[in-house]
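> Sequence:
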Amino acid sequence: MHRSLNWWFVATRQQRAIFPRDAGLQTRMLLTLFLLGLLYVILIGALLTAGTGLVLMVVIIGGLSFAQLFFSDRLALAAMGAKEVSPQEAPGLHAMIERLCIQADLPKPRIAVADTHVPNAFACGRSQKSATVCATTGIMSVLSPNELEGVMAHELSHVKHRDVLIMTLASFFASIAALILQFGFFFGGSDDDNPSFAIVLLVSFVVYIVSFFLMLALSRYREFAADRGAAIITGRPSALASALVKISGAMERVPTKDLREAERMNAFFIVPASVKKSVMSIFSTHPPMDQRIARLQTLETQLQAAA
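In this text, residue positions in the sequence shown follow this note's numbering: the first is 52, and each later residue adds one.
Do not rely on the hints blindly, as some may be mistaken.
[To be verified] Distance ranges between label pairs, derived from CB positions:
| # | residue 1 | residue 2 | range |
| --- | --- | --- | --- |
| 1 | G143 | F264 | 32 to 42 angstroms |
| 2 | F264 | E303 | 19 to 29 angstroms |
| 3 | F264 | Q342 | 11 to 21 angstroms |
| 4 | L253 | G88 | 11 to 21 angstroms |
| 5 | K159 | E303 | 27 to 37 angstroms |
| 6 | P142 | V92 | 43 to 53 angstroms |
| 7 | Q348 | L81 | 23 to 33 angstroms |
| 8 | V257 | Q355 | 43 to 53 angstroms |
| 9 | D166 | T307 | 17 to 27 angstroms |
| 10 | S137 | A356 | 36 to 46 angstroms |
[To be verified] Here are the simulated lysine to aspartate or glutamate pairs, EDC-like style, with alpha carbons at most 20 angstroms apart:
| # | residue 1 | residue 2 |
| --- | --- | --- |
| 11 | K159 | E135 |
| 12 | K134 | D166 |
| 13 | K297 | D309 |
The hints are simulated quantities; they were obtained by calculation from the structure and are not laboratory data. Glycine included, C-beta positions come from ideal geometry on N, C-alpha and C.
Please build the complete structure, drawing on both the sequences and the hints.
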């Protein structure tokens, strides 16, 4: 693997980046889809057993599925107060991303900027052609051009790997289960003596928990994969490592109110926004920062050796 990476680093200094096939990421995405599908079948079975009308269930879940797939990017941007920017409004950012897209062999995504002190970035969209990458004003004021380039390459790697769609689906299943838990009487009535209603709540709770942990497991691995992808695109793993350190430090100076408002997007951020020091716990959506930086340093060493 190390010998292969050395070749990729050398080959991509002057031409388009050649992404190695990440069998680990692809396996995890397929497994996540399979398990989510299984959970979905179990949940539907529980709803039918509880007496939920098939037509009503199809309309509700189908409508929510459509909204999640086709409007999740708009919802994500709205949650951050982000707005799409034109090349005239953000010429430097557009030029940077256009250059990175050429390296990554990607169609240029829509570009958005969120006016917030939270130093972060994320990608959203159901496909490479419908993707949007967003940077906050906070991150653009904290990072140098090379560091920001590493962050944007990280987000484009998510688009390249198509893992944004899988994360969107995973969060959708968890949202459906949570919705049923909160408004279960719509599906099974409010009679406490109704055993079917209790079964629906139990199944919904299990679906929510399992979906949550599937999302965590995939999210952590995909961050490592995107870090590696950014290193391949830019040829400067150290720039991304430096950016991660700066973002983490700057996050501590962000007002608590801003962090709390941004926490809902943690699974999609390059660095989670949290007001708690326990962000590196087993419930974190991201791998420990020291592990990410260590891997980037290893890639930097390989790049220097290849040069």
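> Determine for every hint whether it applies to the structure shown.
Each hint, compared with the structure:
no., hint, verdict
1, G143 with F264: 32 to 42 angstroms, "40 angstroms, holds"
2, F264 with E303: 19 to 29 angstroms, "28 angstroms, holds"
3, F264 with Q342: 11 to 21 angstroms, "19 angstroms, holds"
4, L253 with G88: 11 to 21 angstroms, "20 angstroms, holds"
5, K159 with E303: 27 to 37 angstroms, "34 angstroms, holds"
6, P142 with V92: 43 to 53 angstroms, "50 angstroms, holds"
7, Q348 with L81: 23 to 33 angstroms, "30 angstroms, holds"
8, V257 with Q355: 43 to 53 angstroms, "49 angstroms, holds"
9, D166 with T307: 17 to 27 angstroms, "18 angstroms, holds"
10, S137 with A356: 36 to 46 angstroms, "42 angstroms, holds"
11, K159 with E135, "13 angstroms, holds"
12, K134 with D166, "9 angstroms, holds"
13, K297 with D309, "18 angstroms, holds"
The earlier numbered hints are all upheld by this structure, with none contradicted.
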